[in-house]
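S.K.: Chains as they are written, first to last, in this note's numbering: chain D, 133 to 251; chain A, 95 to 185; chain R, 2 to 130.
Warning: the hint list may mix true and false statements.
DMTMM-like cross-link-like pairs, simulated, lysine to aspartate or glutamate; straight-line CA separation at most 25 Å [claimed, not checked]:
1. A:K96 <-> D:D175
2. D:K190 <-> D:D175
3. D:K247 <-> R:D118
4. D:K182 <-> D:D222
5. R:K3 <-> R:D118
6. A:K96 <-> D:D243
7. D:K213 <-> A:D140
8. A:K96 <-> A:D140
Quick partial rundown of chain R residues pointing at chain A, CB under 8 Å, derived from the structure [said to hold, decoys possible]:
9. M2
10. Q16
11. G17
12. S20
13. C28
14. A130
Across the chosen pairs, the derived CB separations fall in these ranges [as the list claims (entries may be wrong)]:
15. D:E136 <-> R:P54: 39 to 49 Å
16. A:E170 <-> D:I200: 38 to 48 Å
17. A:M95 <-> R:Q34: 15 to 25 Å
18. D:N224 <-> R:Q34: 48 to 58 Å
19. R:S111 <-> D:E136: 23 to 33 Å
Source of the hints: derived by calculation from the structure; they are not laboratory data. Every residue, glycine too, gets a C-beta built ideally from N, C-alpha and C.
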Amino acid sequence: MTNEILIIARSAPYGSSLAREGIDYILTSAAYDQDISILFLGDGVFQILKDQNPADIKLKSHLAALEILPLYDIEKLYAVKEDLLERGLDINQLGVKVTVIERSQVDSLIDSQDKVLSF
Amino acid sequence: MKLHLIQRSPFSNSALKDCLNTIGENDSVLLMQDGTYSLNHPLLTDIKNPTYALLQDSSARGLTTPASTKAIEYDEFVMLCSQHKHVLSWY
Amino acid sequence: MKFSLLVLASPYSQQGGLSALQFAKTCLDQGHQLYRVFFYHEGVQTASALQCPQRDEVNLHDQWKELADQHSIDLVTCIAAALKRGILDEGEAKRYEKDHFNLNKPFELSGLGQLLDAQINSDQLITFA
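Could you put together the complete structure from these sequences and hints?
M.R.: Structure representation (structure tokens):
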């Protein structure tokens, strides 16, 4: 049975492994044929910045992991507009295709899902 | 209808702020662990949503629960989880 | 009702493991079913049988083991997160040519598919960080 699962990504990448471990869970869920959406919220919006270059800090690229999501048919990616603005980011600085939504839309996005988990 | 578990202090982490930025009007908030340091935070006094705090976590920290927040034990914590469609942890 | 728990908290650095344990006990007391406890992120450290807290502190490994033995609860540790943090069962120790292992039954190593299964097949998955 396919469930609609929303993953709320609210950890910034690199400083902690949580963001990475969240992506690992997303890729696993996709392999089991679940209908996955991802919401980048709070510091999670830092995950989708383009030009990430973590080779010198000896960590794997988070963006590279996000870039393979379409291969798993994960295409419902959302980012919160106010959280981007608050961090001085605009859509041209993003490295993956996301739908920008407002804070006021988050509540109904969560409510529409069968299951929700945040990392 | 969601139950939000706040597990971090609002003075060191954006868990409370991120949660309240997007909270729905029928949602409830439960403060636990270092989340109980939010008890007198101005962000919380601004909301109308039902607010709970785990009594053993707040009293362990020497905190008193204001009248606007209901102090609960684990029994009620589990019960609240069973009564909401989604339970979201903020940490 | 069917509950599962996701433990992300590091056992002795954060309170989350203790909260999860108390939540689990309360669930069972109320007659709910505990379908699975999944340890991920720093929570995988809980599975080490070699932890030696002081006598007046709670031994989280032993407490979970006791609860699992009494109520036959599934205690699953994420294998990828565990191996990199040095949590190995006998089979993995052999495979990686290590002299020792520290994960025993009722804890087991498995993949993230077990967390997905818990999320799908439980009424509620509660995260303790």
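S.K.: All the hints need checking, so say for each whether the structure fits it.
M.R.: The hints, checked one at a time:
1. A:K96 <-> D:D175: 22 Å, holds
2. D:K190 <-> D:D175: 21 Å, holds
3. D:K247 <-> R:D118: 12 Å, holds
4. D:K182 <-> D:D222: Given that 25 Å is the threshold and the Cα spacing comes to 11 Å, the pair holds.
5. R:K3 <-> R:D118: 13 Å, holds
6. A:K96 <-> D:D243: Given pair A:K96, D:D243 holds - Cα atoms ~8 Å apart, limit 25 Å.
7. D:K213 <-> A:D140: 22 Å, holds
8. A:K96 <-> A:D140: 19 Å, holds
9. M2: Holds - the Cβ of R:M2 comes within 8 Å of chain A, reaching about 5 Å at its closest.
10. Q16: 5 Å, holds
11. G17: R:G17 check passes; min Cβ-Cβ to chain A is 7 Å, inside 8 Å.
12. S20: 6 Å, holds
13. C28: Because about 6 Å separates R:C28 from the closest Cβ in chain A, which is inside the 8 Å limit, the hint holds.
14. A130: 3 Å, holds
15. D:E136 <-> R:P54: 39 to 49 Å: Holds: the Cβ-Cβ distance is about 41 Å, inside 39 to 49 Å.
16. A:E170 <-> D:I200: 38 to 48 Å: 43 Å, holds
17. A:M95 <-> R:Q34: 15 to 25 Å: 22 Å, holds
18. D:N224 <-> R:Q34: 48 to 58 Å: Since the Cβ atoms of D:N224 and R:Q34 sit about 50 Å apart, the hinted range of 48 to 58 Å holds.
19. R:S111 <-> D:E136: 23 to 33 Å: 24 Å, holds
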